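With chain A fixed as given, assemble chain B onto it according to the hints.
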Amino acid sequence: MADLEKRQDRSPVPSAFEYASAPESRDIVRLEERYGLFVGGEWVEPRSGEHQASVAPRDEEPLAEVAYADAEDVDLAVRAARDAYRNGWSELAPSERAKYMFRIARILQERSREFAVLESLDGGKPIRESRDVDLPLAAAHFFYYAGWADKLEYAFPNRTPRPVGVAGQVIPWNFPLLMLSWKVAPALAAGNTVVLKPAETTPLTALLFCDVLRQAELPPGVVNIVTGDGRAGAELVKHPDVDKIAFTGSTEVGKEIQRAIAGTGKRLTLELGGKAANIIFDDAPLDQAVEGIVNGIYFNQGHVCCAGSRLFVQESVYEEVVAKLKRRMGTLRLGDPLDKNTDVGAINSQQQLERIRELVEIGEEEGAEIYQPPCRLPEKGWWFPPTVFTNVAQSYRIAQEEIFGPVLSVLTFRTPDEAVEKANNTPYGLSAGVWTEKGSRILSMAQRLRAGVVWANTYNRFDPASPFGGYKESGFGREGGLHGLAPYLEFDE
Amino acid sequence: MAQAPALPSGFELPLEPRLPRIGSVDQVAVEERAATLAKRSIKRESKLFALDLAVRMMDLTTLEGADTPGKIAALCSKAMRPDPADLTVPSVAAVCVYPNLVPQALERVRGSGVKVASVATAFPSGQVPTDLKVAEVSRVAEMGADEIDMVIDRGAFLSGHYAKVYDEVRRVKEASGDAHLKVILETGELGTYDNVRRASLLAIAGGADFVKTSTGKIQPAATLPVTLVMLEAIRDVFEETGKRIGMKPAGGIRHAKQAVQTLVLVHETLGPEWLTPDLFRFGASSLLNDVLMQIRKERTGRYQSPEYFTID
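As you go down the protein sequences, you meet chains A and B in turn.
All residue numbers for the first sequence refer to the working numbering, where the first residue is 174 and numbers rise by one.
All residue numbers for the second sequence refer to the working numbering, where the first residue is 4 and numbers rise by one.
Quick caveat, the hints were computed from the structure, so don't treat them as lab data.
Quick caveat: nothing in here was measured; it's all calculated off a predicted structure.
Backbone N, C-alpha and C fix where the C-beta goes; we use that ideal spot for every residue, glycine too.
It cannot be assumed that every hint is accurate.
As the list claims (entries may be wrong) - Covered stretches of chain B (chain A as the covering partner; in silico rule of three or more C-beta atoms under 8 angstroms from a C-beta of chain A):
1) 47 to 56
2) 187 to 194
3) 292 to 301
Stated by the list, open to error - In silico SDA-like pairs for lysine to any residue, Cα to Cα no more than 20 angstroms straight-line:
4) Lys50(B) - Thr504(A)
5) Lys46(B) - Leu505(A)
6) Lys46(B) - Ala193(A)
7) Lys42(B) - Thr504(A)
8) Lys499(A) - Asn564(A)
9) Lys50(B) - Glu191(A)
10) Lys260(B) - Glu191(A)
11) Lys220(B) - Ser288(B)
12) Lys50(B) - Thr303(B)
13) Lys499(A) - Lys46(B)
14) Lys499(A) - Glu242(B)
Unchecked claim - Computed spacing ranges between beta-carbons, pair by pair:
15) Glu591(A) - Arg24(B): 20 to 30 angstroms
16) Ala125(B) - Ala619(A): 47 to 57 angstroms
17) Gly163(B) - Ser489(A): 54 to 64 angstroms
18) Glu552(A) - Asp181(B): 51 to 61 angstroms
19) Arg634(A) - Gly245(B): 28 to 38 angstroms
20) Asp55(B) - Gln573(A): 44 to 54 angstroms
Chain A on its own, in the form it takes in the complex (with noise of 0.2 angstroms):
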């Protein structure tokens, strides 16, 4: 020991490896002072009259005025829709449907740092996340459906496959463009025509791509894009000529949609909220294990309704995961979204934000111990530095609720049987991440967990070939896969 203190005293802790700040240019955007609706393949005014600014979460900068659709405008923009599906999109061959998805694809590839840049500007998610994980599996959703237009027969093979119709498709803010092409990808692949809400929060990506859709030359009216929020929405919803809703977003919302459209015959897939566990096995990978959490709980600032907010560890490594998660949370950047180094965006919105400290507050008075690491917050914009609470009991609130925000509760299990009854021990089942070394483990929790997916050491990964979905309230529906693309299709039976 003494000379490890020798060692020591020879040399000082060097000034700390700061980095520089690394902005990506926003130059590469060029953004309309104010949006209209994209109806029928041209920008029309709204006919409500009513516009609103679109704001960088970072900084409250206001970006444009984005359209408030009304009731009115909702009707056209489905009008359009109907007589773009009447008149030859679904009648037309499908490899021309398959050569429109794989220009939109390939003009996605192509513009992917505008559309990157755009996105963490409007929502707030840091551009290594926009830039590596939105924006190829965007592209990746385009490519895989336009690959399946023309092979339907095939994917379905004796049930006659056709198109349903017009589409209502209403999108979060979380990942507004990957959920844009969620959407929208096996809705044309399979034959339908489009109109889409994005979320009011996040509109200019979608907007955006009415530009790529002009590039693509895809005919008028096959994709309508209104903004507008939830009365828009709502308008869209019960619109009678729309003959299938897929929503993604809150189950407050999913609930009161599924109550609208009762009795009209309309389909409907929800993608609602979730409260994933995260479950850490003792032989786990322990370090690769702690990215997994990081990665589960603060990857797009916790907005991921598959995140894996609740951490279930296994006693006998509890204090040794905690320690390395704590360590870990100490080295996450927190700032400015278009700066490349960032890893901890800005919160969505200022209504998002309040939630989250709401949600936080209540988990102190419930008696849990919070954690934060050291973290200078911007002074303008909306934001929450990286949150764990640890001593959490199943009953209390923040183990229950969605929080949306990067907020974790660790609570912990004994054994594999306890592991599941408390994971499947929520009303919502969407997602779960199983970390052993253990190969029969991972099949028998995979196959226990009630939830629509479960990640064996990795979580948040995403492949257009994969279904997505829940059970519970977390939704009903997949999307995703050929799974994703039968909600779109109607059969023989």
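Using the frame of chain A, we list chain B on its own:
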């Protein structure tokens, strides 16, 4: 409790200092983590900081059958003054040579602060009896080498004779006296990250001051994921015992960019305390000039052709 295969019976790790559990490493996840860290964007002053540090951390190496006193003299001059055109560029940490050339190297670098490291223990294969290895190390220590880079017996390790590996490291450590001991795992021959982690902990238990990836004679050598696995083992030892073990990636690091990426890995895995030549080295023969070119570029804004940098 399921752990990586236990050490064979009859072999006990010392109870004090306690070592961390051996555990396991997930290949996909560790490679992904290393790839993510490699994407850090290091610019301007932080890049200069890293490049300057890389020079100060370098073990400038020549390990050829054809090494002569003349070659060593040239290497030592380069080590002491890497860029004669820019005197702000510091000396490297050490020169790394074969035992026969230790006396010449010592004479050349005397008084400069540059250390002399010698490989030993039948480098690079390590396939000789233990007492010969110990004798070699004693001799190299007598000659006055500051640091000794030994190789582990991969034959013993891969056939499950962990005790032999541990015992050799321990005896070599005793024989090295005051010299610093770096233990080369030759990760390219170990096959899995689990083995890399296991061998790291074994070497540290045996008394290694540094763990080192490779001899430079086998590819792959110091890849980022291998380096990360070893850094994590070092971190676990520190957390368990408070002892700081050094790390030396060697082999295959030829570009300044790789060096900067490696330093990012160190910074985010072990923290700034490890960003010192006392606890981190690069083993390299052709990295130095690329780093010098990058330093010149950062300072002047222009690239110079390789002709403006002396080859040794």
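Consistency of the hints with the structure:
{"no.": "1", "hint": "47 to 56", "in the structure": "holds (count 7)"}
{"no.": "2", "hint": "187 to 194", "in the structure": "violated (count 0)"}
{"no.": "3", "hint": "292 to 301", "in the structure": "violated (count 0)"}
{"no.": "4", "hint": "Lys50(B) - Thr504(A)", "in the structure": "holds (19 angstroms)"}
{"no.": "5", "hint": "Lys46(B) - Leu505(A)", "in the structure": "holds (19 angstroms)"}
{"no.": "6", "hint": "Lys46(B) - Ala193(A)", "in the structure": "holds (6 angstroms)"}
{"no.": "7", "hint": "Lys42(B) - Thr504(A)", "in the structure": "holds (15 angstroms)"}
{"no.": "8", "hint": "Lys499(A) - Asn564(A)", "in the structure": "holds (14 angstroms)"}
{"no.": "9", "hint": "Lys50(B) - Glu191(A)", "in the structure": "holds (10 angstroms)"}
{"no.": "10", "hint": "Lys260(B) - Glu191(A)", "in the structure": "holds (17 angstroms)"}
{"no.": "11", "hint": "Lys220(B) - Ser288(B)", "in the structure": "holds (12 angstroms)"}
{"no.": "12", "hint": "Lys50(B) - Thr303(B)", "in the structure": "holds (14 angstroms)"}
{"no.": "13", "hint": "Lys499(A) - Lys46(B)", "in the structure": "violated (28 angstroms)"}
{"no.": "14", "hint": "Lys499(A) - Glu242(B)", "in the structure": "holds (13 angstroms)"}
{"no.": "15", "hint": "Glu591(A) - Arg24(B): 20 to 30 angstroms", "in the structure": "holds (22 angstroms)"}
{"no.": "16", "hint": "Ala125(B) - Ala619(A): 47 to 57 angstroms", "in the structure": "holds (49 angstroms)"}
{"no.": "17", "hint": "Gly163(B) - Ser489(A): 54 to 64 angstroms", "in the structure": "violated (27 angstroms)"}
{"no.": "18", "hint": "Glu552(A) - Asp181(B): 51 to 61 angstroms", "in the structure": "holds (54 angstroms)"}
{"no.": "19", "hint": "Arg634(A) - Gly245(B): 28 to 38 angstroms", "in the structure": "holds (37 angstroms)"}
{"no.": "20", "hint": "Asp55(B) - Gln573(A): 44 to 54 angstroms", "in the structure": "holds (52 angstroms)"}
This entry does not satisfy hints 2, 3, 13, 17, going by the numbered hints stated previously.
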